[in-house]
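Kindly generate the complete structure, drawing on both the sequences and the hints.
Line by line, the protein sequences give chains A and B. Quick note, the numbering used here runs 183 ahead of the 1-based positions in the first sequence. Quick note, the numbering used here runs 28 ahead of the 1-based positions in the second sequence.
If you're looking for bench data, these hints aren't it; they were derived computationally from the structure. A couple of the hints might just be wrong.
Distance condition first, Cα-Cα at most 25 angstroms in a straight line; then the derived DSS-like pairs of lysine-lysine [stated by the list, open to error]: (1) K217(A) x K66(B); (2) K216(A) x K73(B); (3) K217(A) x K73(B).
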Amino acid sequence: MAPPSSHRPRKKRKADVSGSSSNGTVIHDSGSKKEQPAFPLVAFFWPARGTSTSQWILLPCILMVVGLFRWCTGIWPYSGFHKPPMHGDFEAQRHWMELTTNLPLTHWHFHDLEWWGLDYPPLTAYHSWLLGKVGSLINPDWFALYLSRGLDSLDLKVFMRATVMVSEYFVYIPAVVICVRRLTRMHNINSWESSIALTAILMQPATLLIDHGHFQYNTVMLGFVVATISSILAGRRLWSCVFFVCALGFKQMALFYAPAVAAYLAGACIYPRIDPLRLLGMAIVTIASFALLYVPLLLGTAFDTYRNVPLPSHAIMPPLLSAIPFDINEKAWYYPYLIQLMQSIHRIFPFARGLFEDKVANIWCAVHSSGVHKLNQYSSTLLSRVALALTLAAIAPPCAIIFLKPRRKLMPLALTTTAWGFFLCSYQVHEKNVLLPLLPMTLLLATDGGMKPATRAWVGYANLLGCWTMFPLLARDELRVPYVVLTLLWAYLIGLPPCNFDLYLTSGSDNTLHWSSKVLHLATYAAMLVWHGVELFVAPPASKPDLWVVANVCIGAAGLGTCYLWCLWRLVDDSGILVDLGLAKPTDADVEKKKL
Amino acid sequence: MLHLKHLGYNSWETIYYQRATVIVSELVLLYALYLFVKSSPTTSKIQSHAAATSILLSPGLLIIDHIHFQYNGFLYGILILSVVLARSKSRILASGILFAALLCLKHIYLYLAPAYFVYLLRAYCLGPRSIYDIKFLNCVKLGLGLGVVFALAFGPFVYYGQIPQVLSRLFPFSRGLCHAYWAPNVWAMYSFTDRILIMVAPYLRLPLDTAAVTSVTRGLVGDTSFAVLPNITPRATFFLTLAAQIPALIKLFLTPTWHTFVSTLTLCGYASFLFGWHVHEKAILLVIIPFSLLALKDRRYLGAFRPLAVAGHVSLFPLLFTAMEFPVKVVYTIFWLVVMMLVFDRVVPASEKPRVFLLDRFSLLYIAVAIPLIAYCSLVHQMVFGVKYEFLPLMFTSSYSAIGVVGSWVGFLVVFFTE
Numbered sequence: 184m185a186p187p188s189s190h191r192p193r194k195k196r197k198a199d200v201s202g203s204s205s206n207g208t209v210i211h212d213s214g215s216k217k218e219q220p221a222f223p224l225v226a227f228f229w230p231a232r233g234t235s236t237s238q239w240i241l242l243p244c245i246l247m248v249v250g251l252f253r254w255c256t257g258i259w260p261y262s263g264f265h266k267p268p269m270h271g272d273f274e275a276q277r278h279w280m281e282l283t284t285n286l287p288l289t290h291w292h293f294h295d296l297e298w299w300g301l302d303y304p305p306l307t308a309y310h311s312w313l314l315g316k317v318g319s320l321i322n323p324d325w326f327a328l329y330l331s332r333g334l335d336s337l338d339l340k341v342f343m344r345a346t347v348m349v350s351e352y353f354v355y356i357p358a359v360v361i362c363v364r365r366l367t368r369m370h371n372i373n374s375w376e377s378s379i380a381l382t383a384i385l386m387q388p389a390t391l392l393i394d395h396g397h398f399q400y401n402t403v404m405l406g407f408v409v410a411t412i413s414s415i416l417a418g419r420r421l422w423s424c425v426f427f428v429c430a431l432g433f434k435q436m437a438l439f440y441a442p443a444v445a446a447y448l449a450g451a452c453i454y455p456r457i458d459p460l461r462l463l464g465m466a467i468v469t470i471a472s473f474a475l476l477y478v479p480l481l482l483g484t485a486f487d488t489y490r491n492v493p494l495p496s497h498a499i500m501p502p503l504l505s506a507i508p509f510d511i512n513e514k515a516w517y518y519p520y521l522i523q524l525m526q527s528i529h530r531i532f533p534f535a536r537g538l539f540e541d542k543v544a545n546i547w548c549a550v551h552s553s554g555v556h557k558l559n560q561y562s563s564t565l566l567s568r569v570a571l572a573l574t575l576a577a578i579a580p581p582c583a584i585i586f587l588k589p590r591r592k593l594m595p596l597a598l599t600t601t602a603w604g605f606f607l608c609s610y611q612v613h614e615k616n617v618l619l620p621l622l623p624m625t626l627l628l629a630t631d632g633g634m635k636p637a638t639r640a641w642v643g644y645a646n647l648l649g650c651w652t653m654f655p656l657l658a659r660d661e662l663r664v665p666y667v668v669l670t671l672l673w674a675y676l677i678g679l680p681p682c683n684f685d686l687y688l689t690s691g692s693d694n695t696l697h698w699s700s701k702v703l704h705l706a707t708y709a710a711m712l713v714w715h716g717v718e719l720f721v722a723p724p725a726s727k728p729d730l731w732v733v734a735n736v737c738i739g740a741a742g743l744g745t746c747y748l749w750c751l752w753r754l755v756d757d758s759g760i761l762v763d764l765g766l767a768k769p770t771d772a773d774v775e776k777k778k779l
Numbered sequence: 029m030l031h032l033k034h035l036g037y038n039s040w041e042t043i044y045y046q047r048a049t050v051i052v053s054e055l056v057l058l059y060a061l062y063l064f065v066k067s068s069p070t071t072s073k074i075q076s077h078a079a080a081t082s083i084l085l086s087p088g089l090l091i092i093d094h095i096h097f098q099y100n101g102f103l104y105g106i107l108i109l110s111v112v113l114a115r116s117k118s119r120i121l122a123s124g125i126l127f128a129a130l131l132c133l134k135h136i137y138l139y140l141a142p143a144y145f146v147y148l149l150r151a152y153c154l155g156p157r158s159i160y161d162i163k164f165l166n167c168v169k170l171g172l173g174l175g176v177v178f179a180l181a182f183g184p185f186v187y188y189g190q191i192p193q194v195l196s197r198l199f200p201f202s203r204g205l206c207h208a209y210w211a212p213n214v215w216a217m218y219s220f221t222d223r224i225l226i227m228v229a230p231y232l233r234l235p236l237d238t239a240a241v242t243s244v245t246r247g248l249v250g251d252t253s254f255a256v257l258p259n260i261t262p263r264a265t266f267f268l269t270l271a272a273q274i275p276a277l278i279k280l281f282l283t284p285t286w287h288t289f290v291s292t293l294t295l296c297g298y299a300s301f302l303f304g305w306h307v308h309e310k311a312i313l314l315v316i317i318p319f320s321l322l323a324l325k326d327r328r329y330l331g332a333f334r335p336l337a338v339a340g341h342v343s344l345f346p347l348l349f350t351a352m353e354f355p356v357k358v359v360y361t362i363f364w365l366v367v368m369m370l371v372f373d374r375v376v377p378a379s380e381k382p383r384v385f386l387l388d389r390f391s392l393l394y395i396a397v398a399i400p401l402i403a404y405c406s407l408v409h410q411m412v413f414g415v416k417y418e419f420l421p422l423m424f425t426s427s428y429s430a431i432g433v434v435g436s437w438v439g440f441l442v443v444f445f446t447e
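If you want it as structure tokens, here you go:
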């Protein structure tokens, strides 16, 4: 997913400064003058220190190892395995391959909506079509119309798991590799530490568990988002627009990031000087990308109109159609296209659904299910308005900062904060959506000081907590063992509780983690462990069968809320906005920057 | 779960339990390797560490124990423990008794017994200066120890009069020369030659045993009979194995050092794997694991070890055949080979003696061939022929691996006898 190489000549890379630790991976023992790895992941890379091991060996090894963990996660069951009548996300994805390969294009968004109707944007539909075509070559029974519903044979599972792997290795992995390389180069981090950060990011347990365990294609969307970040870091704003449209076109959930991306791009047109041409260019590229995204859908409609293929008999016209302020002539040539577009949008944005789905660790679910305040007494219109207002309030500060200070280095933090705002406050959130804030937050490991205790502790805390809030979902899918293995493995590699307490017990000059953070983290980790013990051995009271899940949601919402606040604080601090406002004294580093 | 009639019982709980026992019992291996590193001299600490890591992470153990399901990690743990104990003169007795216990756990280690026998005889029962200086007390101690171990293991069976049944289960001479998949040994090359001769025979006017043409094991269990080449009897394999072991045993008898002992163990493993009757491809670990302890001695040893590491692990691939397991075995093995060969290459000390030029080139070429071979056997063959000629990839894999194993055996023999 790399943008084609630019016309600029490549800069020669400076020799790696391998001896000195720039990023918190090495501890210098002042007593024995020896250097030690700061956490186990570094120890695994210890023999590759210095320039003796080429990236051409290191990178394939990393990709092999992370691939092995992904595939081994895939050996476990998936969501809806042997669970009639509706099965789960696996069946949904398989069904989309079935319907896109077998039905005319105009039926895709209308076909039997009760059985996992297609409710993702067009790129997912095209992706499903491609995979369905390939799969039908191998075994046509897998995607036979109607007959294949609820199919869960072993070879189908292998095929589907392989499609997730291949999609990920085509989109997400190259994007992350390039993005980490850009980030670390920007922050003057040597390539050895860059490889460590890359491994930590690719081993994120939440992504592995949801995509390869539960079964989804989130990494494709996340990969496009990473490609967006990467293009922004490289200063290729037009490419970032294209990639972001791809992300949106694959999963509407990428909207979590949209305000921050938009604010950055808008800001980049105003600071340091107003540049309307740049804005115009980006607007054209964005609109053109969206148009391109819908071209196959419209071409298909044209073809079906020409063939006189009617809509399915049970099709209900999209309600958005009646919301259009002018009269529509049903005989007009544009009518079928309008229906398709409206139906696509209607399916993508399910306003009719509830405030939250299942039990998710956000504010609404916590408030409602903890019994503090029951929300089902209000109408859903009111609730959605309140949710909108609160979300806007949560995302306004990060968006304002990135708009006023459109610096590339602030991008990961701005995206994280905005995504946390959405996750915690917005309407219709799934527990799986925690992946969205976690991704850019984990990218922080590849930034300056990213693996020093303060950042590492917070990034690790958010990841482990995020995984933990998904435990009820994973437990339903029979994924307890991979959950335990992958989260504990990550905690061990990054040096986090419950495997390692060095971050919280030692206090070196490097360790700038505030005591209040330490208390908060340790308390949450303790609560998580206790919760697991209770969930395993104590049955909830008969009157409140969901008690443990509710406890999980409340602790999770509180913890993830502090993650939002920490990210916001880091963003405010890094952007130097306080100095500008005269609320803080400039640090030495800032003065240095001014001079330069 | 343990009810005898419940064959094929496979609930999730059972799988969890049995897999967990494999992992827990492998702690023995971990402990043995820890002792191995601890007992090695400071000059070769790093090398021992690398060797120990390579054994612990061995794809052979992963494939056979954790995917296919056996307890080799545990058994090889005991073997290494016994080998490590043999390092110090004062613990040789314990080493011998531990090996006897190992024999009672799995009789495949009988193949290694000659090396133990000679080593214990020379280093423990006979005096260091002269072979006529017999230490009777040591002989009695050893005899008693072995007697107790075997009595404990076989006593109950003797008591119930089950010994003939036990023996017939343990030594299946009624089964064929080759196992279901051809283990990459001399007999694999022999069968491969035979298959080729069947095609060539009409032109050369060779006598053809037509009954055998149809019945030659095409990857099936059964009696192997050859169409052109003479048939092989169990007795012939036995004598061949012994003949291949004897030179090394003589050398061990003359210089009973720990190092020669481990080399002889390896050579005994080689001999039995290459010439044995009904050898299973899993038995390759009998060669790889003792050899790993030696491979980092110097560059010449490593040169002989490399083709073995590739061939041995590639030959295990046919054990796992489902699509789900395929990426795991291939990617893990490649990863292990890349990392371990790089590490070995970096830590191995230079050899005092000149290396054999040809051997190095041979091993490099050999390793390079592995990549297209794996690709062909696992993907291309299926695409081109479908399910037809199913024996072909198996035959290629085992013949290829056989060349590697035999090549590394010759290389190791050269190194061992020129030492």
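Discussion item. Output the indices of the hints that this structure fails to meet, ascending.
Written reply: none
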